[in-house]
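Build out the structure end to end from the sequences listed, making use of the hints.
Protein chains: 2
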Amino acid sequence: MAELEFLFRPRSVAVIGASHNPEKIGYKILNNILSGGYQGKVYPVNPKGGEILGLKVYRRITEVPGPVDLAVIAVPAQIVPDVLEECGQKGVKAVAIISSGFKEVGNILLEQRIVEIAQRYGMRVLGPNIFGIAYLPANLNATFGPSKVRRGNIALISQSGALGIALMGWTQTAGLGLSAVVSVGNKADISDEDLIRFFAEDPNTDVIVIYMEGVHNGRAFMDAVRSCPKPVVVIKAGRSKRGAMAASSHTGSLAGSDLVYDGVFKQIGVIRARNYRDAFVVARALADLPMPKGDRTVIITNGGGIGVLATDAAEAEGINLYSGEDLKDFKAVMPPFGSYKNPIDITGGATVEQYVQALRMAEDKDTVDSIALLYCETAVCDPEELAEAIKREYKGKKPLVVAMVGGEKSARAVELLNEAGIPAYDAPEDAMRALSALHLWQRYRKKRRQGGEELR
Amino acid sequence: MAELEFLFRPRSVAVIGASHNPEKIGYKILNNILSGGYQGKVYPVNPKGGEILGLKVYRRITEVPGPVDLAVIAVPAQIVPDVLEECGQKGVKAVAIISSGFKEVGNILLEQRIVEIAQRYGMRVLGPNIFGIAYLPANLNATFGPSKVRRGNIALISQSGALGIALMGWTQTAGLGLSAVVSVGNKADISDEDLIRFFAEDPNTDVIVIYMEGVHNGRAFMDAVRSCPKPVVVIKAGRSKRGAMAASSHTGSLAGSDLVYDGVFKQIGVIRARNYRDAFVVARALADLPMPKGDRTVIITNGGGIGVLATDAAEAEGINLYSGEDLKDFKAVMPPFGSYKNPIDITGGATVEQYVQALRMAEDKDTVDSIALLYCETAVCDPEELAEAIKREYKGKKPLVVAMVGGEKSARAVELLNEAGIPAYDAPEDAMRALSALHLWQRYRKKRRQGGEELR
Numbered sequence: 000m001a002e003l004e005f006l007f008r009p010r011s012v013a014v015i016g017a018s019h020n021p022e023k024i025g026y027k028i029l030n031n032i033l034s035g036g037y038q039g040k041v042y043p044v045n046p047k048g049g050e051i052l053g054l055k056v057y058r059r060i061t062e063v064p065g066p067v068d069l070a071v072i073a074v075p076a077q078i079v080p081d082v083l084e085e086c087g088q089k090g091v092k093a094v095a096i097i098s099s100g101f102k103e104v105g106n107i108l109l110e111q112r113i114v115e116i117a118q119r120y121g122m123r124v125l126g127p128n129i130f131g132i133a134y135l136p137a138n139l140n141a142t143f144g145p146s147k148v149r150r151g152n153i154a155l156i157s158q159s160g161a162l163g164i165a166l167m168g169w170t171q172t173a174g175l176g177l178s179a180v181v182s183v184g185n186k187a188d189i190s191d192e193d194l195i196r197f198f199a200e201d202p203n204t205d206v207i208v209i210y211m212e213g214v215h216n217g218r219a220f221m222d223a224v225r226s227c228p229k230p231v232v233v234i235k236a237g238r239s240k241r242g243a244m245a246a247s248s249h250t251g252s253l254a255g256s257d258l259v260y261d262g263v264f265k266q267i268g269v270i271r272a273r274n275y276r277d278a279f280v281v282a283r284a285l286a287d288l289p290m291p292k293g294d295r296t297v298i299i300t301n302g303g304g305i306g307v308l309a310t311d312a313a314e315a316e317g318i319n320l321y322s323g324e325d326l327k328d329f330k331a332v333m334p335p336f337g338s339y340k341n342p343i344d345i346t347g348g349a350t351v352e353q354y355v356q357a358l359r360m361a362e363d364k365d366t367v368d369s370i371a372l373l374y375c376e377t378a379v380c381d382p383e384e385l386a387e388a389i390k391r392e393y394k395g396k397k398p399l400v401v402a403m404v405g406g407e408k409s410a411r412a413v414e415l416l417n418e419a420g421i422p423a424y425d426a427p428e429d430a431m432r433a434l435s436a437l438h439l440w441q442r443y444r445k446k447r448r449q450g451g452e453e454l455r
Numbered sequence: 000m001a002e003l004e005f006l007f008r009p010r011s012v013a014v015i016g017a018s019h020n021p022e023k024i025g026y027k028i029l030n031n032i033l034s035g036g037y038q039g040k041v042y043p044v045n046p047k048g049g050e051i052l053g054l055k056v057y058r059r060i061t062e063v064p065g066p067v068d069l070a071v072i073a074v075p076a077q078i079v080p081d082v083l084e085e086c087g088q089k090g091v092k093a094v095a096i097i098s099s100g101f102k103e104v105g106n107i108l109l110e111q112r113i114v115e116i117a118q119r120y121g122m123r124v125l126g127p128n129i130f131g132i133a134y135l136p137a138n139l140n141a142t143f144g145p146s147k148v149r150r151g152n153i154a155l156i157s158q159s160g161a162l163g164i165a166l167m168g169w170t171q172t173a174g175l176g177l178s179a180v181v182s183v184g185n186k187a188d189i190s191d192e193d194l195i196r197f198f199a200e201d202p203n204t205d206v207i208v209i210y211m212e213g214v215h216n217g218r219a220f221m222d223a224v225r226s227c228p229k230p231v232v233v234i235k236a237g238r239s240k241r242g243a244m245a246a247s248s249h250t251g252s253l254a255g256s257d258l259v260y261d262g263v264f265k266q267i268g269v270i271r272a273r274n275y276r277d278a279f280v281v282a283r284a285l286a287d288l289p290m291p292k293g294d295r296t297v298i299i300t301n302g303g304g305i306g307v308l309a310t311d312a313a314e315a316e317g318i319n320l321y322s323g324e325d326l327k328d329f330k331a332v333m334p335p336f337g338s339y340k341n342p343i344d345i346t347g348g349a350t351v352e353q354y355v356q357a358l359r360m361a362e363d364k365d366t367v368d369s370i371a372l373l374y375c376e377t378a379v380c381d382p383e384e385l386a387e388a389i390k391r392e393y394k395g396k397k398p399l400v401v402a403m404v405g406g407e408k409s410a411r412a413v414e415l416l417n418e419a420g421i422p423a424y425d426a427p428e429d430a431m432r433a434l435s436a437l438h439l440w441q442r443y444r445k446k447r448r449q450g451g452e453e454l455r
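Protein sequences appear in the order of chains W and D.
Per numbering that gives the first Met the number 0, the first sequence starts with residue 0, numbered consecutively.
Per numbering that gives the first Met the number 0, the second sequence starts with residue 0, numbered consecutively.
FYI, nobody ran anything at the bench for these hints, they're computed from the structure.
It should be emphasised that the depicted structure is a prediction, and the values quoted were computed from it without experimental measurement.
Mixed in with the good hints there might be a few duds.
Unchecked claim - Now the stretches of chain D that chain W is said to cover, found in silico as 3 or more residues with beta-carbon under 8 Å: (1) 162–171; (2) 227–241; (3) 287–294.
To be verified - Restraint-style ranges between C-beta atoms, simulated for each label pair: (4) I78/D x E414/W: 38 to 46 Å; (5) L52/D x E392/W: 33 to 41 Å; (6) R149/D x A331/W: 34 to 42 Å; (7) D257/W x K240/D: 53 to 61 Å; (8) G395/D x R447/W: 50 to 58 Å; (9) R411/W x L108/D: 43 to 51 Å; (10) R391/W x R119/D: 24 to 32 Å; (11) G323/D x G317/W: 50 to 58 Å.
Glycine included, C-beta positions come from ideal geometry on N, C-alpha and C.
Below, the structure written as structure tokens:
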């Protein structure tokens, strides 16, 4: 998808409709581009001219001295066709049309017209009706969302504007790192499938998360997912009847039967998320962990209750809790009243050192494919010390997920682990869900390798 | 349940097995009692005598000068019978037996013996195998869990020790206020039903949350719940086959068929939580909100996407989204491209003032019984200002739940609202789940008033 290179890694960006008024979108986008540390040329464009944020303002894009790869357009909908014509004449490669007032309010013809103009000049169009695009590896934040975005390897594509912006902030506080945020809006030209193909080859992205209300071209979407070697996690909203109606009035999406979506997702190997929290529970693990060799999972815990909850979650998520005879080996790393039966309960008296021994044993055992380490905050095992020990000891050869329940120190320990790329959560259900998604993705990959058989 | 008064509001507490060693449970409990600000007399008891934390240590409980209402016992299991005899001679009213090494490790006879001794002297027994008891209205924290507990009106009963302690910390960071934390352990004497009866009459408790793996006396539990005028939220672990096995090895609970529990819970009007996070999502709303008059719910949102997600959740949770003609009135409080159809989408440009107008209208409308207010962080509507406005405007006559999605400011806004007793969450699903539990509880109450009919 070399043509999307200009969207993600433009050598220069023009902001058409750049504004002097800090309250306006045309100011915020320019400001985000500059404060994000973008290294290419930046050209504000506004008929009023003058200077914004220390940059000379050009009255029209055709007056800009150098070449322009990407034009971000934030002008009233009616003017967009004229602006696009000028962009075409200037030789712009890609445009991101922030402006709303197109298909989403019934102006279908106006939307068709802008696509036609863009195609005539060979320009790709993101939008219209979007909050912009951010690509962190290029230090590009051409959105009117938060100026700070946490860097990582998850690409977020959102059909919803407000939710997409909100999730830029939410991922930041949740300690989730993003490679890109793309607002697709009306998807007049650039579609989910175009973006999946780009991220499939993007070395900075390992997982793709999509919030969608509907797909325009089902066949193309299926093909793109099938040929993407990276996990695609989809939050498909409008699953209920009433929700589908709401989606239809929101983005004009024909949500379609949810059963159909569900069936197609399973067939092509999409990991379907229940909601955005779930999407990122899953994405965190998919982004950071090695693939398991098989599905035999062990749970290590210092609390019986949290172990029972995790076991319930494991069964609900279809996780195979290993129960081989060799689990007896774990007796060596627990007191006599511990339980080596999976969940491996090293008891409430477990110290950091005992956790480390149990973790080492689970990592070394050929019969164990995945590890869930659970912890209830106790006085004999400091959560932050435990997190540091896990970071130090974990060899990274098989998947490890962690759940830590407790007060502030446990919350900080969860952050420490996530920062180190070890998926950690504050509830055992999340840890089991993450492992289950990893195993699902592993099964999808296996089926694909076996030659495009139907996936269950 | 006047006899449990001595457990929750003792005029004096002895800690038998009080220790000089800060690493020991017998030190931590004493320290928590003192640092919690308990106003009654506190007597450390240890054969070694001396002084701990500035208090004179008595060699045996019979040497304590004044009367003792509650004895917290943290000595080896084998000595517990002798200690109990002395407690009985001293006239102690209730004992909390921290010590483990009883039924949970197969010592059934020893457990029977301590119950017999206690009954002979008319003492009630909490435990054994527990982390203690905290009752915030009496400034009593006789646990070896965290010393700080956030005060509120939710009573937490936990059959799991490690999980209960961890949840003491977790509720603190989650901004959830507790009236009491009770570790029930082996439930040799004091049972869930005894505690439900106490909290039913406790003016400081509005919701009871129970983590349980099994009930000993089903009939008594059912009677206690049925006659409790306050919502009882139960996390019943061991729902899966393998989870039930884990529960059995953890607390010796015969978990029983989960379908049976589920049926009984519905019959007697227990609100079943899916996990502890869910329990507190629900408890927060039950603890703070007025009861709805009917079930007609409106969603107010500034984001279409989050509105669709909430609509999906509403349908999944069985919430009745109102769709009457009079929703057209909301047109007055939104721009022309907004949607007055429920979800009421006041659009991404919505200001604090527009939210306030929409909230007022929903509060004033007789056709609206419950309100869910959703917010995606935007630049035109500051989340903390919105939270302050909601606090100021909300009349508290019908249930209101809030979901705010965004960065740090939104997270703080959620905290502000929760501190003010307006249940707020960071995901629309949580808000809808909370409302649904409120409506369920309303239906349970109605059925009970109609005279013990079977509940569906």
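Subject >> Violated hints, by number in ascending order, as checked against the structure >> reply: 3, 7, 10, 11
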